[in-house]
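Protein chains in written order, with the working numbering: chain A, 833 to 1266; chain U, 7 to 235.
Treat the hints with care, since some could be wrong.
Stated by the list, open to error - Selected chain A positions facing chain U (Cβ under 10 Å, derived; list incomplete): (1) Tyr910; (2) His926; (3) Ser950; (4) Gly958; (5) Gln968; (6) Val980; (7) Ala1001; (8) Ala1078; (9) Val1104; (10) Arg1165; (11) Ile1170.
Hints were generated in silico from the structure; no laboratory data involved. Computed from a predicted model, the values in this text were never measured in an experiment. Backbone N, C-alpha and C fix where the C-beta goes; we use that ideal spot for every residue, glycine too.
Spelled out from the first residue to the last, the chains are:
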Amino acid sequence: MAVTEAPKIVTARMGHHDSHTLERYLATGGYDGLRKALTMTPEAVAAEVDAASLLGRGGAGFPAGRKWSMLRKNPVSYLVVNGDESEPATFKDHLLVERDPHQLIEGVLIAAYALQVSQAFIYLRGEFALGLERVQAALNDAYDHGAVGEDIFGSGFSIDLVVHPGAGAYICGEETALIESLEGKRGFPRIKPPFFPAAIGLYGEPTVVNNVETMSNLPWIMLHGGAAFAALGEGKSTGTRLFALAGHVRHPGVFEIEMVKTTFADLIFAPVLGGGIPGDRQLKAFIPGGVSAPWFGPDQVDLPLGQDEVAGAGSMLGSGSVVVMDEDTCAVRAAWRITRFFARESCGQCTPCREGSGWLERIMGRIESGHGREEDLDLLLDACDNIAPGLTWPPQQTTICVLGPSIPSSIGSAIKMFRDEFLVHIKEGGCPFG
Amino acid sequence: MTGEPTSTPAPTPAVRGRDGDGHLAPELLDQARQLMALYPDRRSALIPLCHLAQGQDGWLCPEAIVEIADLVGLTPAEVRGTASFYDMLHTEPVGTYVVSICTNIACLLRGAYELLEHAEASLGIGVGGTTTDGTITLEEAECLADCDRAPCVQVNHRYVGAQTPESFDRLVAELRSGARDGEVPHHGTLIRVRRSGGLRVGRDRIAAERAAMAEAKARRAAEAGKGDH
Ligand SMILES: Cc1cc2nc3c(=O)[nH]c(=O)nc-3n(C[C@H](O)[C@H](O)[C@H](O)COP(=O)(O)O)c2cc1C
Ligand code: SF4
Ligand code: FES
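Bound conformation, chain A alone:
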């Protein structure tokens, strides 16, 4: 395995300083994918996306084509783009919205045409102040260019796009919470089934929710065909994907990588990618897919970056973010901070999540600060078991959304991997790493 020569699909334009402008976009094939789509039937466009087997890039990895085919037939339906990007250590959509907003808009238009929706909304987290400015400015230009609005490019197809800001709440990334938020309410996830958005979504109408990166792949897929996309990668994981690499690496950043053909080791150590760990320290552990994912140790570093491959090893690619921890990292402190995040961001609707996350944070906090007790480790695991009974992977769900069960999955893995370190904290009343 190695760094492959796969084409850059969503980052092709990023070398240009003006990659966010309409001029640059048009000079580099922009809106040609949409023009082509508009000459086809909506069904043929959807079939092309199905052939690409494009997996959703928001976290759950559900195939976009399949999701689209589940949209309930109805006179009114909506498309909502998920740009909430709040999963800790995930920052790939940040790049896409700031640096190539037209690519996102073109992707949304292609999807809107395939789905024949009435209106589409691009929900971006409010903290993306510049991203919101860029996407809104690009949308204004796209309207002037005739790519959005009535009778786009003379095709007879009409669609309005609205850019919608969030206001800071991790849970609004969960698709039903996002819909609630877009309706002007608190971001409380909805109970499902039966209320999957494809059946009952925004304003009670059928709704497709897709991630920013998922949408950004569509212009290329239209131009080059679903088969060309499916030819990249392997098995279920086709095409390229953005990986956000952070933590203890020489070159943190976002890298577009061919799925499966590249490994975690390539991503972390290849000189053109992560460039290895500073100070040539050893790898202690890494988180393969956002903080909701169980951790991996050095033994798993040769795993390919593929959805099934990572799932088979007991974790997930999730939101495409990889956090590297070197040998001097305190696992207890890292796990405590993740627990604290979940405790702060739990929306509070479900008892196991609301109470459990608070318990875990308090126990984890006292171990971290050197006030842990002998029985705390068992108490931690017991609390984990109360949130997701059996501590299986994937976790059992006792709550409305998967935020709750994500807590035991991720920090439970840290407790199991670094049990000794937790014990040292408890016995010696502090951190051996200082």
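Take the given structure of chain A and dock chain U with the ligands to it, following the hints.
What follows is chain U with the ligands alone, placed relative to chain A:
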């Protein structure tokens, strides 16, 4: 994330069809109306309207909440209750600049807590506090999606790149002297996000959407036995 006041004020009877209470400047009121017209249900504009009001006042003052409630057709308590769910909406006054330091996992690994401690000491305030001159409010943030430039700092939600203690002090001095005014607007995170026109798709289609919307709302209300959930 909660922060809902334990004693909710008695709902003010909403006065429909009135142009708010005149708290929002006329051009902002125009913008508010344009925003509401973008959605099948005007309530959807609640968060955008809160951002608009914060652009004017720096925070969501009670007068703004009353006017927003009036515009979107809710009670002030409902607006406040929704706004308080969101970290970026301030129901208490904040400084001219909200400085957010992320301490989540990627930033923690790169010295975020050391930076936060330095910030508290050098500004002389704790997390959540505002300097006595009213310029700076310090926030400890969850991941801000800029983890390759860790520890990540935002000022009024503009990324300013990874900071060391020294560069942080320079940043604060520049904010105070106005040297960053062009880059970071005072208050109003999203005041530069401006849509150039309304919806363009045929009125009949929009009318069909709105009718379906109203129908769905009535259906849900009938099912739930009340107006909302
Ligand atoms: C707690 C939670 C947070 C989530 N946050 C995000 C997010 O920030 N961005 C995102 O695209 N999907 C997020 N998701 C996944 C969405 O619910 C949804 O699956 C996704 O937006 C669908 O898009 P896709 O099929 O294109 O991946 C989150 C899910 C959960 C349970
Ligand atoms: S699992 Fe947690 S975040 Fe999800 S709905 Fe329940 S309380 Fe809210
Ligand atoms: S962890 Fe700090 S910006 Fe992402």
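Against the structure, the hints:
1. Tyr910: Holds, about 9 Å.
2. His926: holds, 4 Å
3. Ser950: holds, 5 Å
4. Gly958: The hint holds - Gly958 (chain A) has a Cβ within 10 Å of chain U, the shortest such distance being about 5 Å.
5. Gln968: Constraint on Gln968 (chain A) satisfied, holds at 5 Å.
6. Val980: holds, 8 Å
7. Ala1001: At about 5 Å, which falls below the 10 Å cut-off, the nearest Cβ of chain U leaves the hint on Ala1001 (chain A) intact, so it holds.
8. Ala1078: holds, 4 Å
9. Val1104: violated, 15 Å
10. Arg1165: holds, 7 Å
11. Ile1170: holds, 6 Å
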